[in-house]
Amino acid sequence: MTKRYRLLSFAALVLAAVMICGCFAGADEEKGLLRTAINYDITTMDVAKTTDDYMIPMNVFDRLFETRVQDGNAVVVPSLCTEYKVSEDGLTYEFTLMDGVVFSNGNALTASDVQYSFERLLILANQNTDIPLEVVGGQDVMDKKTETLEGFKVADDTHFTITLSAPNAGFLAELSSPVMSIVDKESMTDGFGTDPAAMIGTGPYIVTEWVANDHYTMVYNEKYRGPEPTVKKIIVKVIADANTQNLMFQNGELDLIDLKNQDSAIIQSVYKTQYADRMVSAPNVGMIFIALNENNEFLKDVSVRKAIGAAIDVDTIITALYNGDAIRENGIIPTGVWGHNDNLQGFTYDPETAKKLLADAGYTDGQISFEIAVDNALSSTVKTAAEYISQSLNKVGFNTTVKNYDHAAYLDVRRSGTMDSFVASWGMDYNDPANIMVTFFGSEANVKARSLNYPDTAIIARVASAPAIVDDEARKAEYQALEQKIISEDAAWIPLYASMHLWCRGPRVASFTPQWAGFTDFYVTDVVLND
Amino acid sequence: MKRLLQAVLVLLLVSLALFVMLRIVPGNPVAVLMGEHANEATIERLTAELGLDQPIHVQFFRYLGGAIRGDFGTSYSLGKPVSQLMGAAFVNTLLLALAAALFAWIVGGLCGLLAAIRKNSIPDRLFMGFSLLGISMPVFMVAMILQYVFGYWLHWLPISGVSDWRSFILPAIALGWNSAGSIARLVRSTLADTLEDDYIDTARAKGLSETAVIWRHALRNTMLPTVTMMALQLSGLLSGAVITETVFSINGIGRLAVQAINGRDIPLLQGTVLFATALVIFGNLIADLLYKVLDPRTRREVKE
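Just so you know, the protein sequences line up as chains Z and S, in that order.
Just so you know, we're using my numbering here: the first sequence kicks off at 1 and counts up by one.
Just so you know, we're using my numbering here: the second sequence kicks off at 1001 and counts up by one.
Source of the hints: derived by calculation from the structure; they are not laboratory data.
Just so you know, these numbers come straight off a predicted model, no measurement behind them.
Accuracy of the hints is not assured; some may be wrong.
Unchecked claim - Straight-line alpha carbon distances no greater than 27 Å define the calculated BS3-like cross-link-like pairs of lysine-lysine that follow: (1) K448(Z) to K403(Z); (2) K300(Z) to K403(Z); (3) K1002(S) to K1292(S); (4) K1080(S) to K144(Z); (5) K1080(S) to K185(Z); (6) K356(Z) to K485(Z); (7) K383(Z) to K272(Z); (8) K85(Z) to K153(Z); (9) K1080(S) to K49(Z).
Work out the full structure: start from the sequences and follow the hints.
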């Protein structure tokens, strides 16, 4: 054999091997299987230790209530709880658990499991203690003085009462948060959160596998009491690269793709044209906003803050950066949240008014100098929006610069209360205004930790006590009055917009309903397959 | 022995520098771990539990003591021992690096060889053109092109993930592409120079066939720089597959490092960086040893 023929034979062999490989590529489709992807791996399966990774808690566990989308509205519906009664003072709740519910290991669900689930959050004392802390004796459990939650009384296996330290009309909505997942007291082990076998819940799925940085798998829980879903198995792959996800979806290797991290040009040119009939959208209930630090020598002046509100063209940001896939927000309570005020007059874009406000307050061009901080973990679109905002402000006479912070440094500086201003996003955990209002304006510690340093202590006290107003209409009126004061009078918060969260269904998915707040995580039972 | 001691010293210095750097950069890793909702009391409690409130020298010696015993701590973000996480990831990284090195050595070596033999011919220009492309094209671009052509367009190979040996083909080519280019150029230039040496003419004059001249005489002399480069490249491939692992979603050391950086996961970051350092040192040691095996003169110099 000559040298030339040897080379040709080698090349042919390589080509044949690759072609044979091709015969086996992409053959992992099976009936009832849903394949989707996330950009980064979950850090834990334990809901007590995360404020981000809700996919497993939402699908493996149940809560007493759930917030679900019905006729286009987010409503709190009973889940493990069948009945409840609230005392007239709004402090005591009597609950009845659904009969015959079993965990995936066959253990029966009892009221003691619910009590343990509350106490566990306090004993672990990690991120998610706010809700059980509202129960009488919550602080004592967290301070390790006792392990029993005084305000939680178990009557029998299916009946219990919860007594709150202060009334909270949003309590049922809070109970529907993934944080309040009910775990099995009897089977709890140290491996909970990391070992799939330890994840025992009453929900429709069981975790069978979690390969760090690669994928996790859930399968249908045969002991689940509800209707059998069409998705029997779901594989969530960790695909860090957005372009790889895009190719995998187009190649039929993913059945559902979250477009959150896709470039807007790809969304326009590929998804909105080739797959227009398979697009699914839901608002990210929450908002992108600008927080202004009132300890800053310039930003403490209300005229300056109002000028900032008037200098930003939010509609252009929505059109240019989001291709219209965002809605304008005018207040603090986001669109889609109970208590949202459609009639609230936000800031109107008017650069001339902004200039006049600054001139009337005695400021010269370029005199007001401050930094706009951006967390590096935010999406590139939000970072671009921050740059646009900075340029808009500088056009009317401000001297601003955008500073990108590493996530850890950002949190540190912001918590110290010294950040001049920042562009940030907030996503709602539960459908009640308290989730955003109290977090940002509910205490002097909160206004400092968010670098707002809002000085009106009377308003802070009113925000803190608003959740205790039992009458829904009165509570709504109070929140809206507070919003009016903070936004329209004090300009202490500059609301911008809420982006739309987009997904695309593959041909095997007949329908998909996103979680009510537009989370990346979703109820797998809300996916219907064609199989 | 001396080289080994030097290697340990370098490892110690790197771990000290890394330890200090990670602690002087602003930002509390516990705050990142706890997320937006954590209050100050919880952050302080966890900071103390993790020993991050201790003086830096106490933390360092505690870490060093653990590292000597093979305990690199527990990952803050993944809640698992760092050594366990790295062990699982290293298998994938090792397979990927070996496959990439094999690709680079075979393709790069062959291209260089053919180009040198047919110096200034069309194949020479073609191969050198390709090698230039290999050196100048960034890894992520090669990866995207391969994914598009072989994964999406031809459906021959998986676009991402690790399911079986086929999953390593595209990442190995993407990762080895650059090295193949360098090796091709090095082999071509050294072999072409060697082929013009007097002793090659002597070998030819003695009536040896061209194949024997090249394989027995010329190639042996080009091996020295080539093997050095190959050994260094292997350690580079093992420690520098961050982009390839990310684009192809391979759970390897590089991806762990990225995750550790994003989550300010100090134990995991220290583990992955130390591991990469150890690999580079090990690669250099291997190169030195091979040098001595291949070139008797270096052995003699040491003896003298």
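Consistency of the hints with the structure:
1. K448(Z) to K403(Z): 20 Å, holds
2. K300(Z) to K403(Z): Holds, because 21 Å separates the two Cα atoms, which is no more than 27 Å.
3. K1002(S) to K1292(S): 15 Å, holds
4. K1080(S) to K144(Z): Holds - the C-alpha atoms of K144(Z) and K1080(S) are around 26 Å apart, at most 27 Å.
5. K1080(S) to K185(Z): Distance of about 23 Å is within 27 Å: holds.
6. K356(Z) to K485(Z): 22 Å, holds
7. K383(Z) to K272(Z): 24 Å, holds
8. K85(Z) to K153(Z): 15 Å, holds
9. K1080(S) to K49(Z): Status holds; Cα separation ~14 Å.
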